[in-house]
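Peer 1: Protein chains in written order, with our numbering: chain B, 78 to 810; chain R, 78 to 810.
These are computed hints drawn from the structure, not numbers from a lab.
A few of these clues could be false.
Repeated chains share a single entry, so a pair holds when one copy, or any two copies, can fit it.
As the list claims (entries may be wrong) - Once the Cα atoms are required to be at most 20 Å apart in a straight line, the calculated EDC-like pairs of lysine to aspartate or glutamate come out as: (1) K804 <-> D596; (2) K384 <-> D735; (3) K141 <-> E175; (4) K804 <-> D747; (5) K141 <-> D735; (6) K145 <-> D735; (7) K384 <-> D673.
Quick caveat, the model's predicted, so the values are computed rather than measured.
2 protein chains.
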Amino acid sequence: MRYLLILLLPFSLCLRGQVQADYPPLFALTLAETQEQVDATMEQTFLVPTPVDMAGGYTHEVHKQNWKTLMDAGALFRLTGEEKYATFVRDGLLQYAEAYPSWPLHPTDRSYATGKIFWQSLNDANWLVYVSQAYDDIYDWLDPAVRERLNTELFRPMADFLSVGNPQFFNRIHNHSTWGNAAVGMIGLVMDDEELVQRALYGIPNEELPEDLRDDDSGRIMSETGRAGFLAQLDLSFSPDGYFTEGPYYLRYALSPFLLFGRALAEKRPELNVLTYRDGILGKAIDALLLEADPQGNFFPLNDSQKGMSLYAPEVVKSVDYGYFLYGRDPSLLSLAEVQGRVTLDDAGLAVATGLAAGKAKPFRPRSIAFTDGPDGTEGGVGILRAYGDGEEQTTLVMKYSAQGMGHGHFDKLSYSLYDRTGEVIQDYGAARWVNIDQKGGGRYLPENQTYAKQTVAHNTLVVDQVSHYNGDIRIAENHHPDLYAFAVADSNLQLVSAVAEQAYPGRRLHRAQWLLQDPVFEHPLVIDLFRATGDRPAVHDLPTWYMGQLMATDFDFVTNDTLRPLGTDHGYQHLFLEARGRPTEASASVEWFSDERFYTQTMITEPGDEILFVRPGAHDPNFNLRRDPGFVLRRGGVTNPTFVSVLESHGSYNPRDEVARNPFGRISDLRLLVNDDNYFALEFAYPNAGRWILIFSTKDADPEREHTLNINGQSHQWRGVHHLIKHDNESE
Amino acid sequence: MRYLLILLLPFSLCLRGQVQADYPPLFALTLAETQEQVDATMEQTFLVPTPVDMAGGYTHEVHKQNWKTLMDAGALFRLTGEEKYATFVRDGLLQYAEAYPSWPLHPTDRSYATGKIFWQSLNDANWLVYVSQAYDDIYDWLDPAVRERLNTELFRPMADFLSVGNPQFFNRIHNHSTWGNAAVGMIGLVMDDEELVQRALYGIPNEELPEDLRDDDSGRIMSETGRAGFLAQLDLSFSPDGYFTEGPYYLRYALSPFLLFGRALAEKRPELNVLTYRDGILGKAIDALLLEADPQGNFFPLNDSQKGMSLYAPEVVKSVDYGYFLYGRDPSLLSLAEVQGRVTLDDAGLAVATGLAAGKAKPFRPRSIAFTDGPDGTEGGVGILRAYGDGEEQTTLVMKYSAQGMGHGHFDKLSYSLYDRTGEVIQDYGAARWVNIDQKGGGRYLPENQTYAKQTVAHNTLVVDQVSHYNGDIRIAENHHPDLYAFAVADSNLQLVSAVAEQAYPGRRLHRAQWLLQDPVFEHPLVIDLFRATGDRPAVHDLPTWYMGQLMATDFDFVTNDTLRPLGTDHGYQHLFLEARGRPTEASASVEWFSDERFYTQTMITEPGDEILFVRPGAHDPNFNLRRDPGFVLRRGGVTNPTFVSVLESHGSYNPRDEVARNPFGRISDLRLLVNDDNYFALEFAYPNAGRWILIFSTKDADPEREHTLNINGQSHQWRGVHHLIKHDNESE
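Excised from the complex, chain B in its bound form (with noise of 0.2 Å):
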């Protein structure tokens, strides 16, 4: 489709009369539509009501439109030179002068810092960023009278509202905070009013804060710590390469502010060199934004996030654009601008189109990447395991071992999501939130969010007595965090991501690995899961799959239930209800699903008195709000330290318009453990008539450069490193 747009651009434009022959298609192609979109904005009447509606509702939803029209008014001024646009930002501002002093607090008052023109004060940051904007291509331009007049009536205040009026707001370490102080700051900056820029950049002083402030949002008050304001959120919101702790969906918001303070800051602040402040934070918090995307770039669902904010997402155009303007012009940005079909309207965007013009684009291929957590990279992190096949079809795993990501936090330590061009194959379940849509609790989080998706039932992570990690209590979360224990991806046929988690229960060692295998004989790369846990006593151990698709078979007997009752009563299992239950009595269990034209068949070892549960979210659910998705979790009662390990294949295909199963069964057999002991972990399985694999892991010596010696069976097995692969093949080829 965006071939076709731009084969029509010129077409288009001549509509309009209006060839912007100077500038690349792209660049000329975002010019136009904007320019449409804003004269047909113009063409109404410029309402400012005053604000009483929650997310979703009309005066939130015309105020947000707002800050857009009036932004990219500012730019198409900027860029034309015609003065209707000027105009109309400047009455727009005046509009807002005149009703915004006596507006009082928002009336909903449902946030922990309410707002004037929105519910909480987060959006009026939004809208100061947005409008700063529009502010700083006007502001030469203006009557001096009129820019004194919006000066102290309308952005002072409102910069002083934000700030000084909610420091609970402003001056935390948190994505709040940095709308607050771009906010604040990018508003300084056009005024030339230092006090707001100081402000901004490093937070209000604690001796000028209430000694009795509280903060009841669950993150840190940063004003504890002495810090606060644009400078402290970039040494302490990301770790040393860029990982934002509350995952990707929060950092492609909070980036917004970073790049945009920032870019203004190295215009006019160019002592301060921000875009190379902490080795070039910015950077490096743009690619790990980039890099933590699946094969159809969506982002991981990690912590609490919406399904489908994606890499194409509008917000994430001015990433893509600033990390290629500012940040080394790597080609492979290019072919994600080209789908995003759109560049931000400056210099940014003009590189960006220009590149395209010159046909530099090269396809964007995201690696496999290890990033760590905390301000300091001390807090484990997040890996992610990304293998290419037949025709650049890319398998990703990403396991999760980060701190607590503060209040958007899920208790999920060393849970594990798989991705592949259908997109989610073992699924996080993300939020439980509509974010904007009204009807379903004004677009906030859903009591479901906290008792069920944060839960870590809701995870494909070990469950211990049906209690979630840290007793699911975000103090103690807050407290600790898992650490990677190896991560080897220099062989692409055989990457190992794995963590240890010692304290998401007392007295309880999670130690879990994975690898994604590739061979020949397989249609697409294996993943190999190996969790172990070492406890104090005997406990019942759950390990979940939430599998998206259609369950197709298992090689075990199971009974279904014709009434349905809840699993539990606590730690989200109130909200699973137990479709089947059924006990394996060989010594594995796999279970078949099929999604999107593909199989997939998951081998688990099991042991005596090993049950399969197959559940399904649903109960004391009383708005719908769940989605009724399926899982089955692997249950080990009365066991002090399991091993659990799994094989899942991809394979086949099956559409409905040829109605032909290709590869439809998997093929995995003999998978055994021969070595699982405090050193050293063997796993072997076979591939009939393709060939025999043994997977040698060292579980307490991760040194990549250690000689081990092993001996199996009778055979000695010599290697250097955390792990080690044998390939028999078969005999009787």
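Chain B is already provided as a structure; the job is to place chain R on it using the hints.
Peer 2: Only chain R this time, still in chain B's reference frame:
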């Protein structure tokens, strides 16, 4: 994607060093792809394994692949003259001639007519239909001795096996028999075996059939009526306007032998005039097939249909190409062929590719149509309403008031389904079956097809006292059918389909009327639904709505269950879990859901005592064969003559990339009945700030020329025809 393919074509052909300069691009592309596939297959050993497997299994798939390869190789010999292809076909056939005579019946014994190559004779007939074409392509080239051997040792025995050897398969009026007739007739034409051709055309004479012939597949055995064979199929398989009583999924399948044998007869027995036979019934059947698909091209899943079968399936290529070539060269078919991306490798495909290359394609824009059912067109039918909105978006409503549809029919009289650009909005469940997927019951119909998918409650139509139409008994159902009451589509802004079912329940008359109403005020057409039941005693009336998507909100309270139990014990109710129950207290109730970036709101007139039950299939489903799609049921108990009325709005948009909810609320208000008596029905509703509509419907007299006068609340309305719409613009505007 298809644009790219076409653009790349010269290059990809050059790669093969075979620019087919004489052929138009799509024909050349198909030829090149076919050649590539056949050449690759010819490098392998041609295997003719002894048959043992069910559909999806090894021998099944090999023999299925063989028929395709042989057919394609024959075509390549015809088009390229390269003898290697003829040799390949000959040698392959000789392998079959060697093995076939010694094969016993297929060992599976699961069909009413077990085959030899496959588990059912039907697939043997498929094989012979396709391989006959290959044989025809090389027949003249063959050495006479080889020809004689193949004729006598392979083909004549196979033809006899499929006809006189299996009359219960060959001699019915049924799509299975059509395959049998075509197979026998096509090989007869190739071999010039007049006995086979006559047998194919006219069936096996009754006097040659065993007296105790029985059929266990629920279809009519035509030896009872004295007619069989291909011409009888042409007379009796379709209604006069081409509708196929089993629905489009089966028509798509059944049409292949009709078209292939039909074309062969047209060429080799022109005196039969088969193309114009029965007023050109073959062309009408093609037309009927192409008109029974939703806006995404998927066939309406009426009766036993697997969902996802599509206009763009490989099997439909010949319907499009033969429809174009043999019946009027409709340029809109070219645009279907373009998306199909291939053509038949014969004169028809060449004509299509030539037309496409000449730029003759026009958009395919299917029309509203009421198909009759039954060989004489007197057994009800299917009514399709289509409304085109902005950007050619198509809303499609399908009401089914057809005959039972033989063994694949569902008990769903007056049921309806709705489609828009997002696909299914109000779904027909389709079949409980995974065609050709071995792990799901060998790819055959699953038990839940009978116990759920066929039952009335699985459809969007009225269930009385929790019993399916015709008591769920095909023997009763086959004797009855509803009748069309009115079909009015001349005014594209107010389209009506209405039908009556007198015998679905003894002593009860069901009358449904549905409209698509377009107005600039509405974003998309409204669906107005009127369903009246008139009985001789009180009963419980259940009207389900099987919506696709996520429940957003209701305007009445409901209580969810945390223990789920089946809603009933039989007629499909045993499969439905009751998730929640609401009791609307106002005169209307609305349910809103969200699906695929769009909102939907259904507003229903309710009466005191009405209940709304939220249900989901899944109970008594021991193998997870049922989809967990939600539905709600409007239940009205203890009444004799209920009238159900609802209006369905499609509105707004939301996508997770920009997170802006546009028009997320339905707007219909003041929905109420003004008149509801023996002769008339009148409905009123308003759209705030936009207008008020009154829709009057003559329930006893559908004569389009009749003059009516009706007094409503002191105002006299006069009109001509079955319905009348009055719009009052909002006074305040």
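Peer 1: Could you run down the list of hints and mark each one as holding or not?
Peer 2: Taking the hints in turn, this is what the structure says about them:
Proximity of K804 to D596 under the C-alpha cut-off of 20 Å is restricted to the intra-copy arrangement: shortest distance 10 Å within a copy versus 68 Å between copies. In this assembly of identical chains, the alpha carbons of K384 and D735 lie at most 20 Å apart only when taken from different copies (12 Å versus 31 Å within one copy). In this assembly of identical chains, K141 and E175 lie within 20 Å of each other by CA distance solely inside one copy; the values are 18 Å within and 77 Å between copies. Proximity of K804 and D747 under a CA criterion of 20 Å is satisfied intra-copy only: 14 Å inside one chain copy versus 73 Å between copies.
Proximity of K141 and D735 under a CA criterion of 20 Å is satisfied inter-copy only: 12 Å between copies versus 48 Å inside one chain copy. Only between protomers do K145 and D735 lie at most 20 Å apart by alpha-carbon distance; the minimum there is 13 Å, versus 47 Å within a single protomer. With identical chains, the CA atoms of K384 and D673 are at most 20 Å apart both within one copy (18 Å) and between copies (13 Å).
Violation of the numbered hints given earlier is absent; every hint is satisfied by the structure.
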